[in-house]
Amino acid sequence: MNIFLSNQVLIFLFSETVLYLLALIAFVGTLQILKLWDFQATTPRQYALEKRAFLIVTMIQLILWFKILLLPYFAYTIDKLSLLIPGAMCGAGVIAANPYGNPLLLLKILLLFGIGIWLIVDREDQKAPDYPFFKTKFRFYLLLFVLLTTEYILDIVYFSHISTSDVVQCCSAIFGISGSNRIPFNLNTTSLVAIFYLLYLLTVLLALQRRPWLLFIVSLLFLYFGYQSVVHFFGTYIYQLPTHKCPFCMLQKEYWYVGYLLWSLLFGGVFFGIANAALSVMIHKTSLRLYRLAILFNTFFVILCTAYVLFYLIQNGVWL
Amino acid sequence: MKKLLPVLTVGLIMLIVVILFVSLSKKEDMITIYKGNIKKLPIPIKPDHINDTECRMVIHDTTYACEVIAPNGNTWFFDDPGCMTKWLETKPFKEKAVLWVKAVDTGRWIDAREACYARTDPTPMHYGFGAREKKSEGCLSFDEMRLKMLRGENLTDPRIRKKLLGH
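Residue numbers (my numbering), protein chains in the order written: chain A, 1 to 320; chain B, 1 to 167.
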């Protein structure tokens, strides 16, 4: 069977194509605006540019919001493809089906953070009467467009290189106990979980002190150790199986799709944690609201992870 | 409170760095094979440091551990005599290999081919074959254990389990 006969792949690629075409139109418009824009001028050209700028900003907003929605749909698509690809039991096998899967997933997450920053800069820009960050946000869009182009090419290359006849590895082989995916830095599970909770406390303390750069670094560490903790410790309580270590299976119906909520909270918390550092570089401003959101998202993430462990312990009386 | 937050922050950062450094300083890679055991003597097994070559489990407990030493001195480790038997069966050196097994009754390393095997021991992979140095009634020779293992007639078969253990 051809992978392009899958409904989810068709919908995903069609959506990506439409959004990319819109992004391309916005890119051309952005180049014109950056070249010809003169806020002091009262010429008909400037008047036309201002109207076009409004249209392009609206287009970019639409594209970026849809891109945010498409990331969970991408996860859903690769999860559904596990039914078609021999050997795959969940999205882990599908993502690892060719060398393009993991870079694509990482790029999508990076792009998500970039999109979030753009939307915040745009919001700050629209709030002020003189649009102080007008050129900054359009220049930043040029960078985003390069990432969007790379992502679109990788999307096509990735899906066109998935074979439905070659056997791929299942998550037990990729993340399991065979030794190929050990806990980093020679940590044992106890130390890993201790670092996870300490980093969480550190993100809260740094957000309370409004330290954008330290929070930036610690949030990235929290992303890494949060991911490792979920795979090696908290995930086993979600699956209620000590040998099941996988970041993808929790996206399935059997686990109440909790993976979507769990990863959204982690990515959200990390995004709000790093956003202020990016904003301080781009527009020399930070936002108290972002600090609060970072604390909120990270706290819900930690509560959700911990709840699985505690419920298991209360129900069964033992640790896994 | 405002003065306390920076102190707490520095404290937490130091704690994280200490945990990471302590973990890194203990860096010991897992072993699956030991080379150069020309004397063909059993190698002491450090718990949580060695992978079973057949089932890939980390050897936590050495009560039922075994070792296979090839003629060239390569040594492989197992947590359960059943794992050793399964793994050895396809190896070209299976007749010439030196086999060591930990005796449950004496705690010593003994020749696996000379050992006597009980059928209902709580071995790590639940095959049930625990080695004994002293022969007792009903225990199996190495060849009998090997045949039962290869036929699947061990505690992992519910019928055998029911017959031997009653549940």
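Since the hints were made in silico from the structure, they are not lab data.
Among the hints, a few may not be true.
[Claimed, not checked] On the chain B side, residues computed to face chain A include the following (Cβ under 8 Å):
1) P6
2) L24
3) K26
4) I160
Here a beta-carbon is modelled for each residue, glycine too, at the ideal position from N, C-alpha and C.
Results of checking the hints against the structure:
1. P6: holds (7 Å)
2. L24: holds (6 Å)
3. K26: holds (6 Å)
4. I160: With a minimum Cβ separation of about 24 Å from chain A (threshold 8 Å), the hint on I160 of chain B is violated.
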